[in-house]
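One line per chain: the protein sequences are A and B, in this order.
Under numbering that gives the first Met the number 0, think of the first position of the first sequence as 0, with each following residue one higher.
Under numbering that gives the first Met the number 0, think of the first position of the second sequence as 0, with each following residue one higher.
Hints should not be assumed to be uniformly reliable.
30 Å max Cα-Cα, derived DSS-like pairs, lysine-lysine [as the list claims (entries may be wrong)]:
id, chain 1, residue 1, chain 2, residue 2
1, A, LYS206, B, LYS84
2, A, LYS136, B, LYS129
3, B, LYS226, A, LYS141
4, B, LYS14, A, LYS227
5, B, LYS84, A, LYS198
6, B, LYS14, A, LYS110
Hints were generated in silico from the structure; no laboratory data involved.
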Amino acid sequence: MARKIGVFVLALAMVGALCGAALAGDTLADVKKKGVLVAGVKDSLPPFGSVDPNTKQFVGYDIDFVKYIAKKLGVKVEYKSVTSANRMPMLMESRVDILAATMTKTPERAKQIDFSYTYFLTGQKFLAKKGTVKSLKDLEGKRIATSKGSTSEQNVAKAVPSATVLAFDDYPQGILALQQGKAVAVTTDESILAGQLGKLEKSRATKGKFEIPDIQISMEPYGLGMRKGDANFEKFVNDTLLEMEKNGEAKKIFERWFGPKTDSPINRGNFMITADRMGLE
Amino acid sequence: MLNYRFDWAVVTSGKYFDWILSGFYVTLKLSAVSIALSFLLGLVIAMMRMSHARPFRWFAHGYLEFFRNTPLLVQIFFWYFGSYKILPAAVNDWLVRQDFEFAAAVIALTIYTSAFIAEDIRSGVRSIPKEQMEAARSSGFSYVRSMQYIILPQAVRLTIPPLINQFLNLMKNSSLAMTIGVAELMYQARQVESYTFKGFEAFSAATFIYLALSFLITGLMTLYDQKVLQPIKGH
Numbered sequence: 000m001a002r003k004i005g006v007f008v009l010a011l012a013m014v015g016a017l018c019g020a021a022l023a024g025d026t027l028a029d030v031k032k033k034g035v036l037v038a039g040v041k042d043s044l045p046p047f048g049s050v051d052p053n054t055k056q057f058v059g060y061d062i063d064f065v066k067y068i069a070k071k072l073g074v075k076v077e078y079k080s081v082t083s084a085n086r087m088p089m090l091m092e093s094r095v096d097i098l099a100a101t102m103t104k105t106p107e108r109a110k111q112i113d114f115s116y117t118y119f120l121t122g123q124k125f126l127a128k129k130g131t132v133k134s135l136k137d138l139e140g141k142r143i144a145t146s147k148g149s150t151s152e153q154n155v156a157k158a159v160p161s162a163t164v165l166a167f168d169d170y171p172q173g174i175l176a177l178q179q180g181k182a183v184a185v186t187t188d189e190s191i192l193a194g195q196l197g198k199l200e201k202s203r204a205t206k207g208k209f210e211i212p213d214i215q216i217s218m219e220p221y222g223l224g225m226r227k228g229d230a231n232f233e234k235f236v237n238d239t240l241l242e243m244e245k246n247g248e249a250k251k252i253f254e255r256w257f258g259p260k261t262d263s264p265i266n267r268g269n270f271m272i273t274a275d276r277m278g279l280e
Numbered sequence: 000m001l002n003y004r005f006d007w008a009v010v011t012s013g014k015y016f017d018w019i020l021s022g023f024y025v026t027l028k029l030s031a032v033s034i035a036l037s038f039l040l041g042l043v044i045a046m047m048r049m050s051h052a053r054p055f056r057w058f059a060h061g062y063l064e065f066f067r068n069t070p071l072l073v074q075i076f077f078w079y080f081g082s083y084k085i086l087p088a089a090v091n092d093w094l095v096r097q098d099f100e101f102a103a104a105v106i107a108l109t110i111y112t113s114a115f116i117a118e119d120i121r122s123g124v125r126s127i128p129k130e131q132m133e134a135a136r137s138s139g140f141s142y143v144r145s146m147q148y149i150i151l152p153q154a155v156r157l158t159i160p161p162l163i164n165q166f167l168n169l170m171k172n173s174s175l176a177m178t179i180g181v182a183e184l185m186y187q188a189r190q191v192e193s194y195t196f197k198g199f200e201a202f203s204a205a206t207f208i209y210l211a212l213s214f215l216i217t218g219l220m221t222l223y224d225q226k227v228l229q230p231i232k233g234h
């Protein structure tokens, strides 16, 4: 089955490469003409992107940024769920116009797609049962869960080479593996872990049993992903991000999802959206 | 027009070649173990299905309907994540210290495929005239012995072509094991893709290896048929 999907994706990738090459360049004009901005977002990763069980609407930090950009463009938004592994092909094959999917900026990725300025800054940490992980030493030779195709997977393989990395399709499966003792820790960006910890804290069976020890193995600047060489669109998105920082909208969104009263409180510190090139050097 | 630069060296040498190779090894191991087990289990289920003892027949019937008619992916998740709730804590602890991802994949593939194999074997057995069984029984063979010496050697011979299909399916289905983190071929190909963004090359290499494995299985089965089973039948 998966092999068939692989071949299918290949065929699509080839078609996509052809189409992509043919119409690369003017997403801004395209989106305005269509009246819809198609955004690739995570669908089960609060507080960044998830589906509200009551309203069935996408909600989250990533979603709010996309909404603002679409509002400024004067178009509607259509959300498409993406995973860490398929998001770049989805963008390159023009199945989405922009990626707002907890995506770390890296020089390797920047060879394939372009990134906006950093709109969120976090670092990779671990989520483990309380008291089991105090330093990286406690993870040596152990099993650590994460998500396929993420930078988390590559960072942890470097930071703890002796550990077995269990890569699942997305983070909730890793959390399940952690709960069942199949892994001693789940590793990814602190902001995502905070959201998962918030979910665990809500359930009576798991309340107070897990924690995020203060061990950081990398810096993770998130950027919005856009197709390569799409200069107009990029400038528009970047200008919008700077405007959001200036008029306080970016801070408001942060407080809405990570403020002290939320399920995943973290400190914004002195982070601000600026015309940076973090993660790309 | 095509703005993609092919770089086959990514998958033919160096670190990423090693990854693909280790994926190939795991796929081979996973397929070989599951093929052997599913054939044995399939034989047992087929015998139960044709048995005259009702409880056996009912059990086999339920087994067939249940495992043939639920998706393999669901079964893989069931054995890996779902079994946690029904097993005692000590067993879970022990399993985690083993290579449980691999074991869960073997269990799922074996049980799923054995249901199909059992049906193929049953239809093979049904095509042997029932007088042979009657003759064997009246010559003093027990049910199991008549099956073992008279019926099955002929039936298995007839079952070879559908068995090849089942074994090929099993080998290809083994790629689903990547969903629970078994580092088989498809997992490694995706890994290479996410590190290098050379998806075309990585998946081509995987496709090529799956194809080679398919030919290997077909070849081995045909050889077995010609060298071992044909002489038994006396052709």
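Right, here's what the structure says about each hint:
no.	hint	in the structure
1	A:LYS206 <-> B:LYS84	19 Å, holds
2	A:LYS136 <-> B:LYS129	68 Å, violated
3	B:LYS226 <-> A:LYS141	48 Å, violated
4	B:LYS14 <-> A:LYS227	28 Å, holds
5	B:LYS84 <-> A:LYS198	20 Å, holds
6	B:LYS14 <-> A:LYS110	21 Å, holds
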